[in-house]
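Student: For this one, chain C is given, so just place chain Z on it according to the hints.
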Amino acid sequence: MKPSDEHSAELAIKNPMGFHVRPVQRFAELARLFQSDVEVKLRGRNVSGKSIMSLMTLGARRGDTLLVTARGVDARQCIGVLTFLAGNRFFVEDSLDGGGEPGRHMERLAHMASCFNSKITVSLDERQADAKQPDALRALGLEPTSVPELRIEGDDAEQARAVLGQLCQHCYFVEDAMGKRKDRAS
Amino acid sequence: MALADYLCRTAVCTNMDCQERDESIRMLLESLVEGEQMTAGLVPKVLDAILDRERLGSTAIGRGVAVPHARLPELERILIAFSYSEAGIEFNALDGQPVHEVFLVVAAREGADDYLDVMQHITRLVQNEDFRRFVAQAKSSQEVIDLIVEMDR
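Chains as they are written, first to last, in my numbering: chain C, 1 to 186; chain Z, 1 to 153.
Between beta-carbon pairs, the in silico distance windows are:
1) C/Asp64 <-> Z/Glu76: 24 to 30 angstroms
2) C/Gly87 <-> Z/Gly35: 38 to 44 angstroms
3) Z/Asp95 <-> C/Arg62: 25 to 31 angstroms
Which residues of chain Z face chain C? A few of them, derived with a C-beta cut under 8 angstroms, are:
4) Leu56
5) Val67
6) Tyr115
7) Arg124
Since the hints were derived computationally from the structure, they do not count as laboratory data. Bear in mind the structure is a predicted one, so any value in this text is a computation, not a measurement. Idealized CB from N, CA, C, for every residue including glycine.
Excised from the complex, chain C in its bound form (with noise of 0.2 angstroms):
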C-alpha cells in the first residue's frame, strides 16, 4: 500500500427508497473497517462516511450522486468496496421478494475481495478456492449461511480480513439468509 493517497468517487443512489437506514448503516459500517478517512459531500455538505447518523442527515435520495472521498493508506481499497456496494444497491433486497440470483453471495464475495491486493484463499470442509474467482467458490458449494476459513496474506490482508469476515458475518447480505441465522442463533 502507499504510504498515503487518495481515491474518490461518483457514487449514484440507485435504491427506490433513497440512502435510508439500511444502505447507510452498511455503508458506514464498512468505510469504518479502513484506516482512510472517508468523506461524503452531497449538495454542498461534507460528512463523515463512517458516521451513520451523519449520513442520514444528507438525506440522499434516488438519483442523487455522492461524492465519495477516501484518503489514507487503504483509501483505493475503500473506495473499491464501497463503489460495489453502492452498486448493489447496498445489497437492499426489499424488491426481490426472495427471487434473487441464488449464486449472489459469491458474486459479492469475489468482487469484494477483487478490491485488495492480498492473495485470499477460502477454505470450506478442507477444499479450498481462490476468493477472487467466483466460479471457484460455486464449485466450493458456498453458502449464504456458510462460514468459511479465509487465508490471507499480503499488505492489505488486516483491511481484507474485516470486510470479508463482515460479509460471512452477515450471511454476504443475502437477507432471507440473515433472518435464518439469527432465528438460529436465538
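Tutor: Just chain Z now, kept in the frame of chain C:
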C-alpha cells in the same frame, strides 16, 4: 415537512419503564392504537415487520438513539411514536450501548421522499445536544412535543 406533523400526541413517553426491546416497541405500538392512529388488530403484524427489520441489522444508529421502523401496505400515512428511557433499552447497538431515545416510525409502502425526510429530520434533531439534554429532563409528554416542535425547524 415537520416531524410534529407525523408525531402521534398520545404516543410520546417520557419514562419508558421497560428495558426489553421487543416489549418496549409493542408498548409504543399500543400507544398508537390508544391515539386511534392504528387498529389494535394490526399491532402483531406491524410488530413482526419491525422485528424482521431489526434482524437485518439493529436500527440503533449510535449515541443511544434507535429508529425501529417498518412500511406496510395496511398503513395510510407515516406515524411516529417516541420514548425516552433513562435506564436504556438493549437494542443490539453496534457500539454496544443501551438506547435511551426511540423514534418508532411506521409508514405506508409508498412515499419514499416523505419517509426519507422524516429520518433526516430525526437524525438532525438527535445531533442537537440541547434536544438530548432537554428531553432527558422533560417531565411530561407535552414538554417533549413542544421541544420537537421548537427544535425541528
